[in-house]
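Each protein sequence line maps, in turn, to chains A and B. Going by my numbering, the letters in the first sequence line up with residues 1 to 246, in that order. Going by my numbering, the letters in the second sequence line up with residues 247 to 458, in that order.
Derived by calculation from the structure, the hints in this document are not laboratory data. Keep in mind it's a predicted model, so treat the numbers as computed, not measured. Quick reminder that beta carbons are idealized off the backbone N, C-alpha and C, glycines included. Check the hints yourself; a few may be wrong.
Chain A is faced by these chain B residues, among others (derived, beta-carbon under 10 Å) [claimed, not checked]: (1) 269; (2) 403; (3) 418.
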Amino acid sequence: MAPRALYLCAMLHEGQYDLSTGAGLIACPRCDALHVEEELALGETARCVRCNTVLARPREGAFTQIVALSFTSVVLMVAAVFFPFLEISRMGIGNATSLFGVALAFSEGWLMPLTAAVFAFIVGLPVLRALLLIYTLLPMAAGRRPATHAGAAFRASELLRPWSMAEIFVIGTSVALVKVAGLATISIGPAFWAFCALILVGAASNVFTCSTTIWDALEDQGARTDGREVVPEAAFAQKGAEEIRG
Amino acid sequence: MLTAHRAGLIGCHACGRVWPQDETTCRRCGATLHPPDRRGLQAVWAWLAAGIVFYIPANLLPMLRTETFAGLQGSGEATIVGGVIELIRYGNWGVAAIVFAASVIVPLAKFLAISWLAVVAGRPATIEAAHTRLKVFEVVEFIGRWSMIDVFVVAILSALVQLGFVASIHPGPAAVSFALSVAFTMLSAQSFDPRLIWRGLPLRSRRDTTTG
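Work out the full structure, taking the sequences as your base and the hints as a guide.
Here you go:
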């Protein structure tokens, strides 16, 4: 068991939850087991007592890191779109393609809709997700109130997660390169390397992303709140005492 | 074990917040709240059927159309399996294995795994069986998107290999049906509610609840 899980019903004495309204409780999204919500210290992991799914895993400076990594991925994506991607030559005839060219490969006849889908999978959705994460987290990383609709933006970003396929595209590129390697001479452009860097940035960003922590932060900082979130009382009491002293 | 459902509450599958059972939308994240019951399986079956239907033409129709020397040295149409066989003929066993796994084994295994999960959902299981089912679900959820590899390969090849009369590659109709099949299967896996895996656990676990 992970250190200090959100123990089911072990925190009864805190009296911070209400079984009739569900306030102060968390249900595991995978198995529905009820847990008492509790603020975790940075670096701690909360797992479901029944199915062991990670419920929360706050990391130090996560918001700043995610914002920085999202900016990085937008910059890399701009490079990936505008620099040459791959070049091929055989018997004096050459052809170069960019990412646009790859997406436009399906623009013959009724294959057309696939062009839009491919472009969305490899460029559109990764950029959109990065922008949504920046919109959600930048104000909070700077210690301000979240922007309006920050909750909706973060939810959209989570919904789009499986559909953003930049890393799959890179593996696809490698397979394609092996397929044409015997047929012609290939040179790899900077866009390919930008895409490889994008995978690393994306993986690093995923390590820092803990949706429970972000939802809690959005709630604690006043976005879409209904006044029933668990507030770390100790922190408030301490702050109050300091204000009195000062 | 006390679940939100047994406590007369409803848990949000997106953010974990718990609400009274008559709420329909999570007021924190805006997701629609579903009770964990078998009604949700209809969507799973519907998307899965669509995925299987589109997987058939994806294998029968050509994925790629290749022309070399304006057709003089042969022009051919390759299906998914045909492309794998060609890779093996050139000795690229590793890549052939990747393509074969991504476009044949993974989709078929996904169809079987999702059907199995949907059939046994809500049926009594031991704790170990439930853990196995959850593991299977997580693998299906993780691996589903990787089948798109073949669609991207077709896109890159057709964009790149445009060498006039020397060689040219064009996408075939199978690319569209394969992409649709992958997308529908992803939607099918996403509509499966993993909480159903745990609903069928034997009632003895009720003893350690605090209701009453």
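For this session: Return the numbers of the hints above that this structure violates; sort them in rising order.
Result: When the structure is compared with the hints, none of them turns out to be violated.
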